[in-house]
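**Student:** Sequence:
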Amino acid sequence: MLNKLHGLFVEQGVTTISKKDLAKEEARSATLLQLSRVYRTMAIQDCTLLDAIEAQIVLVNEQIHQMLCAMQGEAEILMSIPGVGPVAALLDISRRRTVLPYGGP
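Per this note's numbering, the very first residue in the sequence shown carries number 1; after that it's consecutive.
Bear in mind the hints are in silico, worked out from the structure with no lab data behind them. Bear in mind that the values here come from a model prediction, so they are computed numbers and not experimental data. Warning: the hint list may mix true and false statements.
Stated by the list, open to error - Okay, derived cross-link-like pairs now, DSSO-like style, lysine-lysine, Cα gap no bigger than 27 Å in a straight line:
| id | residue 1 | residue 2 |
| --- | --- | --- |
| 1 | K4 | K19 |
| 2 | K4 | K24 |
| 3 | K20 | K4 |
Unchecked claim - FRET-style restraints, in silico, Cβ to Cβ:
| id | residue 1 | residue 2 | range |
| --- | --- | --- | --- |
| 4 | I81 | N3 | 28 to 34 Å |
| 5 | M1 | E74 | 22 to 28 Å |
| 6 | I57 | S29 | 18 to 24 Å |
Virtual Cβ for every residue (Gly too), placed ideally from N, Cα, C.
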């Protein structure tokens, strides 16, 4: 989505804006003024969608955190392994809890 938004700026001839400048919501609002009316309208639509996606990511991260808090001991051990973060730990714990009851004697 950031690539598409950045592309609108480049297509408009605004080459001073980088993707990093568009990463934060506050910065996006300020940069939109550099676009013409049609491009600004398209950029606003993209920004609205991007804001919604970012809000969903925040909710998912909160849910992951809550689930890991419930499995704190197992999660801490797994996340102490280099390269294993919250999502990988949660996935591993979930898989083991579904497979182990059917694993055999």
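**Student:** Against the earlier hints, flag every one the structure doesn't satisfy and list their numbers going up.
**Tutor:** 5
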